[in-house]
Amino acid sequence: MEKKSKIEISVIILRVLIGWHFLYEGIVKLYNPDWTAFGYLASAQGPFKSVFSALANESVIGWVDTLNMAALMVVGITLLLGIFEKMGAIVGIGLLAMYYLSHPPFPGLTQLNVEGNYWLVNKNLIEMAALLLLYHFPTGYRFGIKNLRKHKTVAQ
Amino acid sequence: MKWTRRDLLKGLGGLPILGAVWWAGASNTVGKRRERSVILEQLNIQPSLPPAVPGISGEPIRVGIIGFGIRGEQLCRSLGFATKEWIEDMKVEVQENPNNKGLEDFMNQEKLNVQLAGVCDIFDYRAERALNSFSTEENKIKRYGTYQEMIQSGEIDAVVIATPDHWHAPIAIEALNNGVHVYVEKPMTHTIEETYRLREAANNSNAVFAVGHQHRQTLSFRTARDIVEKGTLGHVSLIQTNTNRNDDNGAWNYELHEKANPNTIDWQQFLGSAPQIPFNKNHFFRWRKWWAYGSGLSGDLLTHDYDRLNCVLNMGIPESVMASGGVYTHNDGRNVPDVMQVNMEFPNFTMGSSQVKGKERGMTFCYSATLGNGFNRPTILMGHDGTMELGNRLTIWPDGGSTRYAEMLENGKMSPGIPIYQYNPGANAPDAVSSATSQYFADKGLMWTYIDGKRVDSTFLHMREWLSAIRNGGKVSCGIKEGFEEAIAAHMAGLSWKLGKRIEWDRETETIKPIEGVDLDEVLLSNEMIRTDYITVS
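Taken in order, these protein sequences are the chains called A and B. Numbering of the first sequence is given in this note's numbering, commencing with residue 1 and proceeding in unit increments. Numbering of the second sequence is given in this note's numbering, commencing with residue 1 and proceeding in unit increments.
It is worth saying that the hints were derived from the structure and are not from the lab. Each hint should be verified, as a subset may be incorrect.
A few chain A positions that, by computed beta-carbon distances, are all more than 10 Å from chain B [said to hold, decoys possible]:
| no. | residue |
| --- | --- |
| 1 | Ser5 |
| 2 | Val11 |
| 3 | Trp20 |
| 4 | Trp63 |
| 5 | Asp65 |
| 6 | Leu81 |
| 7 | Phe84 |
| 8 | Gly94 |
| 9 | Phe106 |
| 10 | Glu115 |
| 11 | Asn117 |
| 12 | Leu120 |
| 13 | Asn122 |
| 14 | Met128 |
| 15 | Ala129 |
Example chain A residues on the side facing chain B (calculated, C-beta under 10 Å, incomplete) [what the hints assert, rightly or not]:
| no. | residue |
| --- | --- |
| 16 | Lys3 |
| 17 | Lys4 |
| 18 | Ile7 |
| 19 | Gly19 |
| 20 | Ile27 |
| 21 | Tyr31 |
| 22 | Asn32 |
| 23 | Phe48 |
| 24 | Ser50 |
| 25 | Val51 |
| 26 | Ser53 |
| 27 | Gly76 |
Note that this is a predicted model, so its numbers are computed, not measured. Every residue gets a Cβ at the ideal spot worked out from N, C-alpha and C, and that includes glycine.
With the rest of the complex left out, here is chain B (with noise of 0.2 Å):
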């Protein structure tokens, strides 16, 4: 066996060829992987765990649920309870998007030792509706005509309250006066002297309030959180954060339910504080149109945003706020408006500094608003060294100017256009959320959070969070303070709307700077903007 110089090279002439391929992608891999880790290494961010809660032991805590209508069903089924239509529409929604998880993310879901005990709705069809489905023989529930009989009955430790706006604080005050633990859906208040109430009510009572803002409970909310703290934005001067719908459901435009008339809706008691007017199913249904009942962008969808980021800055109630906006996109009567800009001015707000001391200081909260739009507009918060995108996932960007990152922007390891951090919680897991409206809530990190990849409804961990601490104590993370900042800072901003002036919070007194000649609470409620044309029977 002889081989020639010219056989090995023909015969073994691959080799080399091979090791250089495998040495290029290799060093390639590894060098690129080594660049990643040095910059994370130096922005030193954890990725937040889900939170840990002791568990709901002991006897089921009987929960009552106050207002059976959209949110009342969905707050149910984060409690475990699903009415059979929902259980037969998602079948078949499944049938023709197999991707549709709804369901199996609701069988999947960890079961809480709770008892529907009671349900309050004056529609009803809405009350038999929750009947149907979740009395049986061994836990019968009842039906109760009013929230104070329910409340009073002895018989329910705490309430969801899902009604809406101007039933929000009494219902709240009267369960905390009674010692029946709260939850309420946002906004926490419809007026600012009940807000006031309200917080003393809570602070007086030993039952457990919590406000639903269930974003708190989204990973990347706290990883968000983590983030800021450790100054990787650097001074945060600006936040933008936006609302953009196109669609019915968005607009509030419910289905006006074929079976409501005079005889299943319980009107006087939908009105109450609420000027009086004839039974209107517009009004019934669509109540977040009207100033009477709802708060519109302000109350229903500028709370969100506040709160999601006052969760992560812990920035408390704006100096001051200004805004603008009107009925631009959906004329049909309504009196809130459709187009809103919203600025809130937090002049000594600061989060500390790469530069110089006493250079940077204040930020402004910069919420804009349309109905008649639905490109994504995802909310940014630009800071000094960065730029974050907050949403499910969270995106940084280093800026051109930053003092912080300036060497390694200057060496080629950074650069503006290229995100330095990215940190999705879901990356493991297929999304499929099917509707605009329910997208438009998942982009920002309403509704899904992903614990070790698996989809967790977030108001399922709220409601959990706040039924251990009825059970074994500790906080909720949005109890009465965050409530009231919420509650204060929508407020001014309705008021502001209104009055097209700016309005003023006096941190020392902690109230909102009266303005001579208004009563503000008046002009918050006033539903003058009321067509009366389009008060009619619909």
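Pulled out of the complex, with its shape left as it was, chain A reads as follows (with noise of 0.2 Å):
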């Protein structure tokens, strides 16, 4: 196998992976109604505490946790299916910087509810990291449903 096609295999992976945690996270909070992020977003700390405790106001929470749900589907979706798995990388980016910035592993902060060691860096914002790098290394020409798009242009 020449080496392009190793690193498309190996970043066709990663998406897969990153497509099926997302996926996951959001069906799991869609089949339980009584799930909600006003727990996680009541006791932010760090710099945007205040941003995330309004994000937690009763007036705001209902779509505060639809709209998160809607996004962890969206992702898991786009990259499972290989299909605008740009936009998908972005709503991923973009999910994981607010719950890298609303518990940030900073110095001095407590870390609630972590299973591991962190400063600076966790596991958000390696995910961050490779979701960047789906972003520009879009694979579902090769496994997705734009293959057979491509298919289709060349039958033509």
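Assembly of the complex is requested from the two constituent chains, each provided in isolation within its own frame, with the hints serving as guidance.
Below you can see the structure in the form of structure tokens.
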């Protein structure tokens, strides 16, 4: 297998795994009407604490919950199906940036409910970097619905 | 347009993965929810709704406040009156901590149909503080020199009594005898003898009598009653309840006001029936530390815990009480203990059982307190089938040896480490109670309750209930029966600590069993442990 192909396959694996991760998070929220981001937002820390606390406000929390769930599913579906994947990657980066900034692993802040030890860099940031790669390296034409479109164009 | 199988696999290969992830997420989530709802259906717990009371219509009720100290000010706020100083302080606090909702909650509080008509405080500064904030052109508030003048003025319909303990009963009795409605702080009385006299006065009066145990309004306590009545916990054999405090405020070392002196304080009126001693700021502001005016942990804080549980279990007066403890954390001249353990026995208590009839009966109520450590030990009800932790929130765990849940435990549908029920009426409201003492009360469910996710002061609900009963009739949730039980239980605990003896209750005659050669009230009031070197003007 040529080198380019190996890289493409690696990126596709990464794309499928990230899509899987986002979709599952979205689905679990979709099927649990009791789920809310309230606690997560209300316990926000760091420089943007006030912004995230405001999102937990009673008047907007319903919208925040729905948008979060929808965005998670959009990222999951686009990455898994390989269609509009650049848009999906951007949405994913936006979501992760918010998760990162609401509970940043900055020195001096208590890390709530984390399973590891982090300093500045955490898994949200790493997944964000991976999505940046997916944005610049779309693979839907190799594995995904775009592959069908390409075929269609060629056939014409 | 012709696609090979390979093309389709490459083009639509993501679809089966998507389907699998979707299916897994949905079935896991729905499955877990179904398991939960099976448990919840079996438990059939009905979370409580706020009590609906008829409105207080007509002419405003004319209220007089007797005692405008720390608690008196709090009670006035619940009635809708905050001092200018408090509002200013709160504005500063909100600037420092935007999450502090104290001022906002006060501003949003429903207006009660009351007119603050009089104030009676024997410290000039406090009386003037009330007049300065509440007296307006339209509503001139009168200051009364004595409670008798206020009660007999004919200008007051109802009094709120927030004085030191030794004044609770004399003032309440005077008011009831004059047909004036009473809201009195806990403990209801200071001696055994006056507990009977107050009960008689309340029963013979047309006025409405209420004791200030506001947690009876807290939604989690109402829910807890439903849980216990449905046998969710099985037979409860042990209750563990605690006071854990570790700060000056919690140890009753309140600020000694700079303006306090024999000219600004009516010292004789403060002393009343207490031993005659020279003017003493320490005793005036920190009266909770001496038996002559207060009743220490047993009257001040045990009463909260006792009544909290009495409102859930309706267990009444214990058949016997044994107490121990001492002055171990604040050896500053006080003579009430600051570390105290009280065991109350209820050998005939029963709430039904899931086991064979007759096997279970009886319960111990164990109160354990220290003013030297603030670690949060929660209130726990221990039953054969389950354990309940009770505060503003409540949580229930099944017990590993439960009869009722044996099958579910065996099938793995329940596990002793995982709660089967959690109730948090404030789940949708952020909490920002600030000081250590107020957090202590909030954890115990004594301060706030939540209605539709909105935080409501339970004292406000308690006073609203009292005012509604004055105007419309109806029962108050903590009346003379509950107050009598609370006061006797507290006095039994105080006596046991002082005498180092088991104190017993005679259910037939409704009296504390006499101890030969001992005058119980004399013992209860005795200040003998006062170290004379501390009785100096400070």
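Provide an ascending list of the numbers of those earlier hints which the structure does not satisfy. Structure breaks hints 3, 6, 16, 17, 18, 23, 25.
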